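Q: Protein chains in written order, with this note's numbering: chain B, -17 to 280; chain X, 9 to 276.
It is worth saying that the hints were derived from the structure and are not from the lab.
Remember, predicted model here, so these are calculated numbers, not experimental data.
Positions of the beta carbon are idealized from the N, C-alpha and C atoms, including for glycine.
Incorrect hints may appear among the rest.
Claimed, not checked - Some residues of chain B that are not near chain X, with every Cβ distance over 12 Å (derived):
no., residue
1, N64
2, G81
3, I87
4, N88
5, F95
6, E98
7, A177
8, D242
9, V267
To be verified - Here are the simulated SDA-like pairs of lysine to any residue, each with C-alpha atoms no more than 20 Å apart in a straight line:
no., chain 1, residue 1, chain 2, residue 2
10, X, K179, B, I87
11, B, K37, B, T21
12, X, K162, X, A127
13, B, K264, B, L208
14, X, K179, B, G118
15, X, K48, X, G231
16, X, K179, B, R90
17, B, K37, B, T61
18, X, K179, B, S85
19, X, K162, X, L103
20, X, K220, X, I63
21, X, K162, B, P102
22, X, K162, B, E98
23, B, K264, B, F252
24, B, K167, X, P166
25, X, K179, B, F116
26, B, K198, B, K264
27, B, K27, X, K116
28, X, K116, X, K162
29, X, K11, X, L21
30, X, K179, B, T89
31, B, K27, X, L21
32, X, K162, B, A97
33, X, K220, X, L103
34, X, K179, B, T61
35, X, K220, X, A127
36, X, K179, B, I119
37, X, K179, B, Q115
38, X, K179, B, K37
39, B, K167, B, I87
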Amino acid sequence: MSVDHKAMHKTVSNVVSNPLHNPPHNTMHRTAMSLRNLTVTFAAKSGNASYTAVKDTTLDIADGEFVSVVGPTGCGKSTLLNIAAGLLRASAGEVTVLGEPLSGINTRAGYMFQAESLMPWRSARDNVMAGLQFRGIARMDAIKRAEEWLERVGLAGFGARYPHQLSGGMRKRVALAQMLILDPKIMLMDEPFSALDVQTRQLMENELLALWETDKKSVLFITHDLEEAISLSDRVIVLSAGPATHPIGEFIIDLPRPRDVAEIRMTPRFLELHEQIWSAMKQEVLKGYQQTRNKLVA
Amino acid sequence: MKKIPLWIWQILLLVALFAAWHILTVPGLAPNFFFDNNDKAAFFFGEPLRIFTAIWIWFVDGEIYPHLWVTLQETVLAFVIGTLCGLGVGLWLGLAPLASAIADPYIKAANAMPRVILAPIFMVWFGLGIWSKVALGVTLVFFIVFFNVYQGVKEVSPVVLNNARMLGASKAQLLRYVYLPSATSWVFSSLHTSVGMAFVGAVVGEYLGSAKGVGYLIHQAEGTFDINTVFAGILVLTVFALLLDYVVTFAENRLLRWRPGQSETERI
Ligand SMILES: Nc1ncnc2c1ncn2[C@@H]1O[C@H](COP(=O)(O)OP(=O)(O)OP(=O)(O)O)[C@@H](O)[C@H]1O
Ligand SMILES: [Mg+2]
């Protein structure tokens, strides 16, 4: 345990002494999105005391960078993402997107939600083309592009199905196409692949990496799966357990690209990183679990 | 037992009911155990054969069609107007918390009031033609649709809503592409009730005062103690209501295909 502690402290102090961490790619200098000193306190409501989910959290994503956030359940990952999307206002702190302070919805970002987000009254194809429709793009054109995207996420021929006629994993892929068809500069993804089986999941992860590598989007990716985080990212950020969640460790993933998510898991460097990050996380996961349980008992 | 389909049993039940009715009412067929006079059962309950004859004559002579047409018009108009008003007001109040808080007690009061007593007032306002019946039907339909739409707007999934906003939907587009479809699905779930209410409004309105419509026919026959015609009118109305319900089911199946819970698997 004490060894774990030391390793963790080292990482944290590393980050603190070097707040503008080295970007993993030399070509990147601009910041795509920056969350500065965010604190989120949910107001007290009908018997519940007010709850500070996130406290004084700072997080930068460089242009074209793939950042993953891992942390115990209920620590405030989705909350952070909602703030980055402009759907939730932080109690304190500010968000800048491509150099401009964010007010209202983050129009440069696409968001893949953790919960079901498709419109149940629209077929898969109509869901995928929704964003284009909102932008006033001609219907025929929109349909054509939606069909293309359905094919890219492996759902060719499923366009006429309604969400309830698709499997959970298929719905996630529709949601992915729905986001990507708008070609967002920043992608916010909240545990997008946790509903998929291992094989499909690796396919989708590779597809996501391929897309990301061609378009150089910036990604803020939330997951509870450390292996997924490491195999995809340039950087992994570990959050503490709630309340008052804040980053407790930041790890640069220096694995070579392009990567194959299945193969990269076998490499020694991967295992080394996994070990390092996991030792930083372990206590927080246990703490988070304990707290959730206590909450339920209380 | 298993081989006989359900509908045969249903038809048999219907035939049995009419047979019992026939035997118990036609003078002299069954011994009197309740009435002291042979003709009294027929006087109070009518005779199926005469009822069917009355219906037959209505349809063959064509006397019934204008009346049915008027009743249908009233029903459809009451349904359409009531639904549109309910949809509009429901959307509005569902999206405006302050307005809905202010209006809340009045809506509850208006809904609690037995609206059939408004019929005489509507007669004064709109005359004896179809519009007083339409108005009565509208007051009945409106509240059903209104409450459903209101509920529907409140229960739009916040994630779906946020997703649409992230996809770039403006306020107007949210209304049109998220709130409206969600609310209409609730309207459709109350379709059977609201069509039924429109029909009730039309018939009750006709019964209370009019010059046309099936309700009027029944009222006329009642005035002359022609119980067979009263029953004939009731039977025609029942079949008419069943047909309306069938149309509604058809529309519902077409329009709510996206709804989960009606999944069907195929037996191989
Ligand atoms: N609207 C709200 N009002 C009050 N508390 C909230 C609200 N939304 C979230 N919380 C609380 O904030 C904390 C963080 O929630 P959040 O959804 O961000 O967790 P998470 O890290 O995404 O968890 P998971 O990994 O399970 O998805 C939780 O304890 C939750 O109870
Ligand atoms: Mg979450």
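Q: Does each hint hold? Answer for all of them.
A: For each hint, the structure was consulted:
1. Remark: the non-interface label on N64(B) conflicts with the geometry, its nearest Cβ contact in chain X lying 8 Å away (cut-off 12 Å).
2. Every CB of chain X is more than 12 Å from the CB of G81(B) (nearest about 21 Å), matching its label as outside the interface.
3. Its beta-carbon lying about 6 Å from the closest one in chain X, I87(B) breaks the requirement of being farther than 12 Å from that chain.
4. Residue-level check failed: N88(B) sits 8 Å from the nearest beta carbon of chain X, not beyond 12 Å.
5. At roughly 5 Å from the closest C-beta of chain X, the C-beta of F95(B) falls inside 12 Å, breaking its exclusion from the interface.
6. Non-interface call for E98(B) relative to chain X: violated, since the shortest CB-CB distance, roughly 6 Å, does not exceed 12 Å.
7. For A177(B), the requirement that its beta carbon stay farther than 12 Å from each beta carbon of chain X is met, with the minimum near 14 Å.
8. Residue placement check: D242(B) keeps its beta carbon more than 12 Å from all beta carbons of chain X (closest about 30 Å).
9. The beta carbon of V267(B) sits about 26 Å from the closest Cβ of chain X, which is more than 12 Å, so the claim that it is off the interface holds.
10. The straight-line distance between the Cα atoms of K179(X) and I87(B) is roughly 12 Å, inside the 20 Å bound, and the hint therefore holds.
11. A hinted pair counts as satisfied when its Cα atoms are at most 20 Å apart, and K37(B) with T21(B) qualifies at roughly 4 Å.
12. Of the supplied pair hints, the one linking K162(X) and A127(X) is violated, its CA atoms being roughly 33 Å apart against a limit of 20 Å.
13. Restraint check: the Cα-Cα separation between K264(B) and L208(B) comes to about 11 Å, which is no more than 20 Å; the hinted pair holds.
14. For the given pair, K179(X) sits about 14 Å from G118(B) by alpha-carbon distance, which is consistent with the 20 Å threshold.
15. Distance restraint check for K48(X) and G231(X): the Cα-Cα separation of roughly 18 Å lies within the 20 Å cut-off, and the hinted pair is therefore satisfied.
16. In summary, the hint linking K179(X) to R90(B) is supported, as the alpha carbons are separated by about 18 Å, within the 20 Å threshold.
17. In summary, the hint linking K37(B) to T61(B) is supported, as the alpha carbons are separated by about 11 Å, within the 20 Å threshold.
18. In summary, the hint linking K179(X) to S85(B) is supported, as the alpha carbons are separated by about 16 Å, within the 20 Å threshold.
19. For the proposed pair K162(X) and L103(X), the alpha carbon gap of about 8 Å is at most 20 Å, so the pair holds.
20. A hinted pair counts as satisfied when its Cα atoms are at most 20 Å apart, and K220(X) with I63(X) qualifies at roughly 17 Å.
21. Taking the CA atoms of K162(X) and P102(B), the gap is near 16 Å; set against the 20 Å cutoff, the hint holds.
22. A threshold of 20 Å between alpha carbons decides the hint, and for K162(X) with E98(B) the separation of about 18 Å falls inside it, so the pair holds.
23. Only pairs whose Cα atoms come within 20 Å are accepted, and K264(B) paired with F252(B) is accepted, the gap being roughly 18 Å.
24. At roughly 24 Å between alpha-carbon atoms, K167(B) and P166(X) are farther apart than 20 Å, so this suggested pair is violated.
25. Taking the CA atoms of K179(X) and F116(B), the gap is near 11 Å; set against the 20 Å cutoff, the hint holds.
26. The hinted pair formed by K198(B) and K264(B) fails the criterion: a straight-line CA distance of about 32 Å is larger than 20 Å.
27. Using a Cα cut-off of 20 Å, the hinted pair K27(B) and K116(X) is violated, with the two alpha carbons roughly 27 Å apart.
28. Using a Cα cut-off of 20 Å, the hinted pair K116(X) and K162(X) holds, with the two alpha carbons roughly 17 Å apart.
29. For a cut-off of 20 Å, the pair hint linking K11(X) to L21(X) stands: about 17 Å separates their Cα positions.
30. Between K179(X) and T89(B) the alpha-carbon distance is near 15 Å, which keeps this suggested pair within the 20 Å criterion.
31. For the hint pairing K27(B) with L21(X), the CA-to-CA distance comes to about 58 Å; that exceeds 20 Å, so the pair is violated.
32. Between the alpha carbons of K162(X) and A97(B) the distance comes to roughly 18 Å, so the proposed pair stays at or under 20 Å and holds.
33. About 42 Å separates the Cα atoms of K220(X) and L103(X), which puts this hinted pair outside 20 Å; it is violated.
34. Proximity of K179(X) to T61(B) is assessed by CA-CA distance (about 24 Å); at most 20 Å being required, the pair is judged violated.
35. For the given pair, K220(X) sits about 16 Å from A127(X) by alpha-carbon distance, which is consistent with the 20 Å threshold.
36. Taken as a hint, the K179(X) and I119(B) pair is honoured in the structure, with Cα atoms around 18 Å apart against an allowance of 20 Å.
37. Simply put, K179(X) and Q115(B) have alpha-carbon atoms about 14 Å apart, close enough for the 20 Å limit, and the pair holds.
38. For the suggested pair K179(X) and K37(B), the alpha carbons sit about 32 Å apart, so the restraint of at most 20 Å is broken.
39. The hinted pair formed by K167(B) and I87(B) meets the criterion: a straight-line CA distance of about 14 Å does not exceed 20 Å.
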